[in-house]
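Chemist: Next come the chains, spelled out residue by residue.
Protein chains: 2
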Amino acid sequence: MKLATLRDGTRDGRLLVVRKDGEAGAPHDRWTTLQAALDDWTAAEPALRELSEGIEAGKVETSPIDPYRLAAPLPRAYEWVDGSAFLNHVILVRKARKAEPPKTLETDPLIYQGGSGDLLGPRDAIELYDPAWGLDYESEIGVILGDVPIGTTALDAAKHVRLLVLLNDCTLRNLIPDELAKGFGFFQSKPATAFAPFAVTPDEVGDAWRGGRLHLNVRSTYNGQVYGDCDAGEMHFSFFDLIAHVSKTRRFTAGTILGSGTVSNADRARGISCLAERRMIETIDHGKPSTPFMVVGDRIEIEVRDAGGASVFGAIDQRVVAAGGAS
Amino acid sequence: MKLATLRDGTRDGRLLVVRKDGEAGAPHDRWTTLQAALDDWTAAEPALRELSEGIEAGKVETSPIDPYRLAAPLPRAYEWVDGSAFLNHVILVRKARKAEPPKTLETDPLIYQGGSGDLLGPRDAIELYDPAWGLDYESEIGVILGDVPIGTTALDAAKHVRLLVLLNDCTLRNLIPDELAKGFGFFQSKPATAFAPFAVTPDEVGDAWRGGRLHLNVRSTYNGQVYGDCDAGEMHFSFFDLIAHVSKTRRFTAGTILGSGTVSNADRARGISCLAERRMIETIDHGKPSTPFMVVGDRIEIEVRDAGGASVFGAIDQRVVAAGGAS
Numbered sequence: 001m002k003l004a005t006l007r008d009g010t011r012d013g014r015l016l017v018v019r020k021d022g023e024a025g026a027p028h029d030r031w032t033t034l035q036a037a038l039d040d041w042t043a044a045e046p047a048l049r050e051l052s053e054g055i056e057a058g059k060v061e062t063s064p065i066d067p068y069r070l071a072a073p074l075p076r077a078y079e080w081v082d083g084s085a086f087l088n089h090v091i092l093v094r095k096a097r098k099a100e101p102p103k104t105l106e107t108d109p110l111i112y113q114g115g116s117g118d119l120l121g122p123r124d125a126i127e128l129y130d131p132a133w134g135l136d137y138e139s140e141i142g143v144i145l146g147d148v149p150i151g152t153t154a155l156d157a158a159k160h161v162r163l164l165v166l167l168n169d170c171t172l173r174n175l176i177p178d179e180l181a182k183g184f185g186f187f188q189s190k191p192a193t194a195f196a197p198f199a200v201t202p203d204e205v206g207d208a209w210r211g212g213r214l215h216l217n218v219r220s221t222y223n224g225q226v227y228g229d230c231d232a233g234e235m236h237f238s239f240f241d242l243i244a245h246v247s248k249t250r251r252f253t254a255g256t257i258l259g260s261g262t263v264s265n266a267d268r269a270r271g272i273s274c275l276a277e278r279r280m281i282e283t284i285d286h287g288k289p290s291t292p293f294m295v296v297g298d299r300i301e302i303e304v305r306d307a308g309g310a311s312v313f314g315a316i317d318q319r320v321v322a323a324g325g326a327s
Numbered sequence: 001m002k003l004a005t006l007r008d009g010t011r012d013g014r015l016l017v018v019r020k021d022g023e024a025g026a027p028h029d030r031w032t033t034l035q036a037a038l039d040d041w042t043a044a045e046p047a048l049r050e051l052s053e054g055i056e057a058g059k060v061e062t063s064p065i066d067p068y069r070l071a072a073p074l075p076r077a078y079e080w081v082d083g084s085a086f087l088n089h090v091i092l093v094r095k096a097r098k099a100e101p102p103k104t105l106e107t108d109p110l111i112y113q114g115g116s117g118d119l120l121g122p123r124d125a126i127e128l129y130d131p132a133w134g135l136d137y138e139s140e141i142g143v144i145l146g147d148v149p150i151g152t153t154a155l156d157a158a159k160h161v162r163l164l165v166l167l168n169d170c171t172l173r174n175l176i177p178d179e180l181a182k183g184f185g186f187f188q189s190k191p192a193t194a195f196a197p198f199a200v201t202p203d204e205v206g207d208a209w210r211g212g213r214l215h216l217n218v219r220s221t222y223n224g225q226v227y228g229d230c231d232a233g234e235m236h237f238s239f240f241d242l243i244a245h246v247s248k249t250r251r252f253t254a255g256t257i258l259g260s261g262t263v264s265n266a267d268r269a270r271g272i273s274c275l276a277e278r279r280m281i282e283t284i285d286h287g288k289p290s291t292p293f294m295v296v297g298d299r300i301e302i303e304v305r306d307a308g309g310a311s312v313f314g315a316i317d318q319r320v321v322a323a324g325g326a327s
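Protein chains in written order, with my numbering: chain F, 1 to 327; chain A, 1 to 327.
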């Protein structure tokens with residue numbers, strides 16, 4: 001099933017069960033927020049699925065979905081943990097900032113703890129306070145977890161995956177070097193993350209979800225031009241591997257969001273899912289980057305289509321505006 | 001006023017308004033969780049203060065407070081952001097792992113994003129999975145914030161501080177070097193953080209809260225011996241400075257917890273608030289550390305007393321147990 005969160009003036013918004021074509025949806029009487037449903041998934045899931053079936057059968061009154069009125073599926077989450085599981089991205093981005101990839105690149109996942117208290121909806125503007133900060137998008141797949149015990153193994157991780165999501169992990173590239181030099185990881189260099197309209201249960205994509213990876217393409221369209229159409233199945237570490245990694249020393253509460261890192265393929269013809277990679281390729285080929293970072297007025301669209309061409313998560317479609325809201 | 005959260009089988013527990021002596025408390029009819037109160041503080045604060053006054057006047061029925069039944073004031077929080085604002089700690093701990101302090105030590109605060117989905121109560125055991133991980137405690141002061149807009153200045157930060165807390169930011173020292181070498185900051189090296197029983201409004205400590213610092217001593221008692229009695233007022237960066245730093249590129253939602261970092265004083269006679277500092281001092285004085293990291297059976301107590309000798313936050317009193325719960 002497909003779920004979304006309608007902005008209704010509350011902090012958590014109103015949970016909607018969405019028709020599979022993404023065009024209409026309905027609220028549930030009892031399960032009014034996604035967090036509440038995740039908190040009690042065993043009870044919530046069958047109730048929400050029953051509503052979903054009623055919607056598909058045309059037996060439930062629905063309202064049209066307006067993506068401009070949607071929040072992130074979880075407008076605030078208890079944790080947002082982001083991996084960097086596409087090795088091609090790690091290698092290129094480190095090269096771009098003249099840093100070596102870690103020696104344990106292929107055996108020890110890169111993970112950072114992101115800010116989770118303020119997550120953006122699919123049409124929310126990206127407010128740019130200073131173009132010198134080097135604004136970039138990063139197209140990623142994520143999973144929303146149920147309760148994960150400490151010491152969960154990759155073999156045992158599948159059952160903790162509740163929902164799949166698509167996200168734009170905006171990054172301020174030019175703030176990264178000074179921040180990482182301090183040794184404590186990203187902070188100011190990671191502004192609020194934005195999410196596509198729909199969170200979907202894994203069965204919604206059939207066997208495209210297998211082995212803890214989503215085997216579909218993530219298409220990133222920048223100012224109307226397709227910059228990348230990258231295979232998310234090329235994750236070196238699967239989401240199950242990432243779950244095992246993060247739960248080594250602590251547990252996670254239901255509603256934790258876990259990201260794949262920027263989707264990136266070794267095959268250059270696939271294009272890129274963030275401008276930093278394109279700039280690095282330009283540097284390798286021509287000695288210097290020619291693609292600038294994002295500026296006011298830019299537009300980034302991110303979408304995933306299934307084998308039948310249907311949009312799985314709906315589209316992220318964000319514009320960059322000057323801070324304060326003027327575009 | 002003093003607030004606490006009683007474990008009642010729900011994920012967020014039940015908010016209690018606590019008598020100033022910390023011995024008894026009462027729930028509020030409408031404001032049933034601390035997060036709900038923080039979400040709507042303008043309405044909640046006067047209602048909770050009215051109950052607090054009723055409790056002090058003996059006009060409200062109360063129940064005894066049993067710290068073993070308390071959760072963290074926020075058992076799950078939307079963000080847990082930890083500074084490292086005591087420069088003496090930064091210098092000693094970096095020296096211990098043979099790393100240089102950052103060049104911007106005195107001008108650019110160190111901050112990391114912590115895990116916030118699973119926060120421990122004041123008597124919760126510290127489960128130790130592997131003694132080789134090098135378990136340490138870290139005694140810290142924290143603040144719980146209201147909504148903080150992007151670009152908040154230090155001068156404007158005071159009004160966003162809702163509550164003060166005391167916490168134990170447990171750390172697995174021996175996991176840090178490999179983790180920081182990857183460049184993305186702490187993750188596995190930071191297990192769940194524990195909190196003292198009471199969150200208090202700043203007025204509760206009078207002028208000991210001034211300039212964004214708590215001018216009281218944090219006493220850390222390890223296995224019955226006072227290891228540190230450190231002045232939390234020696235923070236180089238105030239909480240207001242830290243708020244300005246973290247809000248440079250994003251906003252924060254009500255209930256965000258912001259920590260001071262390990263309380264640490266240049267005056268050695270004050271002692272230490274984590275074992276890593278003691279081990280470094282031993283190394284400086286004797287060539288090698290003699291204090292081991294924590295082992296099963298160890299006990300750590302952390303407490304802050306006001307000028308009159310009263311316990312401000314109640315005591316953190318945790319024992320280290322073998323993973324699985326056997327002590």
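Hints may be right or wrong, so weigh each one.
What follows is a list of derived Cβ distance ranges for each label pair [unchecked claim]: (1) F:286 / A:286: 56 to 62 Å; (2) F:159 / A:64: 39 to 45 Å; (3) A:108 / F:63: 45 to 51 Å; (4) F:132 / A:149: 19 to 25 Å; (5) A:99 / F:54: 31 to 37 Å; (6) F:106 / A:319: 37 to 43 Å; (7) A:207 / F:282: 56 to 62 Å; (8) F:306 / A:64: 54 to 60 Å; (9) F:226 / A:131: 49 to 55 Å; (10) A:108 / F:159: 40 to 46 Å; (11) A:177 / F:64: 51 to 57 Å; (12) A:282 / F:10: 49 to 55 Å.
Chain A side only, calculated, beta carbon under 7 Å to chain F, not exhaustive [said to hold, decoys possible]: (13) 11; (14) 12; (15) 41; (16) 42; (17) 62; (18) 78; (19) 100; (20) 102; (21) 112; (22) 118; (23) 180; (24) 185; (25) 249.
Derived lysine-lysine pairs resembling DSS-like cross-links, with alpha carbons at most 27 Å apart [claimed, not checked]: (26) A:248 / A:98; (27) A:288 / F:98; (28) A:98 / F:98.
Just so you know, these hints were derived from the structure itself, not from any lab. Here a beta-carbon is modelled for each residue, glycine too, at the ideal position from N, C-alpha and C.
Chemist: Find the hints from earlier in the document that the structure breaks and name them by number, from lowest to highest.
Modeler: Hint check: 5, 14, 15, 16, 17, 19, 26, 27 fail, others pass.
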